[in-house]
Amino acid sequence: MKNARALSLRGLSKSYLAGQNAVDSIDLEIQPGEFVSFLGPSGSGKTTTLMMIAGFSKPSSGEIAIGGRKIDSVEPYDRNIGMVFQNYALFPHMSVADNVGFPLRMRQVPKAQAAKRIADALAMVGLADFSGRKPAELSGGQQQRVALARALVFEPDVVLLDEPLGALDKALREQMQIELKRIHRELGVTMVYVTHDQGEAMAMSDRIAVFNRGRIEQIGSPAEVYARPQTRFVASFIGDSNLIEGVIGRGGSVDLPGFGSIAVGRGDLTPGTPVDVLLRPETIRLSKEERSPEDICFTVDEIVNYGDSFLVIGKSAGQELRARVPGLDMPALARGERCVMRWSKERVHIVPR
Amino acid sequence: MSRSTIILAVLVAILLTGPMFIVVPMSFSTAPSLEFPPPGFWLGYYRRFFSDPNWTGPLFNSFAIGFGTMVLAMLFGAPASFALMRHRFRFRSAFRMLVLSPLIVPHIVMALGYYSYFGSLGLVQSMTGVILAHTCLTIPVVVLTLTSALANFDRRVENAAAGLGARPLTTFRLVTFPILRPAFLVAALFAFIHSFDETVIAIFISGRDSATLPRQMFNSFQMEADPAISAASSLLLAAVLVVIGARWAARLVKPQPARAKA
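These protein sequence lines are chains L and D, in that order.
Under my numbering, think of the first position of the first sequence as 4, with each following residue one higher.
Under my numbering, think of the first position of the second sequence as 392, with each following residue one higher.
By construction, these hints were calculated from the structure, which means they are not laboratory data.
In this text the structure is predicted, and so the values were computed from the model without any measurement.
For every residue, glycine included, the Cβ atom is placed at its ideal position computed from N, Cα and C.
Careful, some of the hints might be misleading.
As the list claims (entries may be wrong) - Facing chain D, from chain L, some residues (calculated, C-beta under 10 Å): (1) 36; (2) 57; (3) 78; (4) 84; (5) 85; (6) 86; (7) 93; (8) 97; (9) 108; (10) 110; (11) 133; (12) 134; (13) 153; (14) 154; (15) 157; (16) 163.
Please work from the sequences and hints to get the whole structure.
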């Protein structure tokens, strides 16, 4: 798409009360055509940041630029940003076609050309036959598609999406995720997507910015933030996790009380530094056969069957651990039973404390 | 609900609405004076009502005053409603109290005030005077209707319009006003009917030439008990019912907020 633009936030802050920053000095460079998710719990500042980009909320300090143009003092109606709201915010008194055509009308696009672009936009979201309907006559998923078509039809520099799938049920949400991804691929427009659903962020993003208490704790590809979280918060917020407290030992190893010493090749950390060790539940394997004296004992407390996999909650070396075992690999275990746990040491990740 | 409660409710309803069912049949009565039950039925009093200048004059005055009041009350009430709902300013709650105070102050007190105040301005016995007094009385009705509509108004559609390129006035014209149109209509109709059937102030400050329908009915009742008064009452009642019906209809046609149904 010709007008994919970069979006950069520099030192962006917002405080509602003196001394308390809802958004605290955010720095972020989003590449043209990139799909970036703002992921975080409610109140982490992700929506406030989005509202500042859209121009509905004024930054207390810092600057926002799109394609190199500073837009801090530009009114929302002159920013050329497409936005999809959580509740869709369709105009209830206008037909689907008039909703989608609204931004074109504001830009004085000639009627014939506008009609073609509206039709194209509706076709793209699979609503070609719905142009005459009113929003109230559509389902939630269909309304969301209209809102999306309306945000895309005027070829905005950047598209912002504020938890757009939050009100949809699971199956529809997954379908919309795939479709949003397709649209993003086809148009190549820069998209910023706010969500508190880590699965959604993982599934769709080129990069995820993890928000916590008004700051970005980590920004990286989904694989990166999942496998190599930089903070305890990121490790626990994204995916299911076991965090074991340990201490850096000699020669780049880490000592875990009760679990022994593991070579992790982190010679960069000073011996004696306390750290957390991230052990993803799916990297733990459970077995009833003892093989070596180094095997670690695991006592099963609870087993949850998810169909495709089992979640086994138990204790090892006095610490509660969660293991995710694929259904086919699940040994016959019962509550209270003791077994052996193994993990692949190369999957272990050190989180600084 | 027990049977006795239902009976009680029906009795109360009859007590409340009974006068309506007396006045309306009387207006079609052949009796030369107000008499119930009517000895026979005809349309003579309606014919007299619509041909006698003593009635048509006040009827026209009431329409003119009601219309003027409606326009003025909307001009003042609508901006006041937006200010109250959307802006934080000093003395905001005091301002709300002031705007709504005509609801609380007894009409007779206000009427006396207007009588002496308008007297020195030369506005007594003029249509302008009645319109001004009615406007003041009616602004609370407009403000109450519009503020409650604004409280339910989702401002994100305005944000959406702005984000799509609409300047504030365009947003109001194309989005805010059309969505709130039923509320504006109801507020205007209420303003009109509030003025149309207002009696106390009309008696004090509308003169012979600017007499409103309620004032003329009051006069007529005191003097001669012209049975045309029952025709006037019935018409007044019909007007009120039409407005209430319009409000009910407006609720039926009000666009439902777009909800996620998935």
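For each hint, the structure was consulted:
| no. | hint | verdict |
| --- | --- | --- |
| 1 | 36 | violated, 21 Å |
| 2 | 57 | holds, 6 Å |
| 3 | 78 | holds, 8 Å |
| 4 | 84 | holds, 6 Å |
| 5 | 85 | holds, 7 Å |
| 6 | 86 | holds, 5 Å |
| 7 | 93 | holds, 5 Å |
| 8 | 97 | holds, 8 Å |
| 9 | 108 | holds, 8 Å |
| 10 | 110 | holds, 6 Å |
| 11 | 133 | violated, 14 Å |
| 12 | 134 | violated, 16 Å |
| 13 | 153 | holds, 7 Å |
| 14 | 154 | holds, 8 Å |
| 15 | 157 | holds, 7 Å |
| 16 | 163 | holds, 8 Å |
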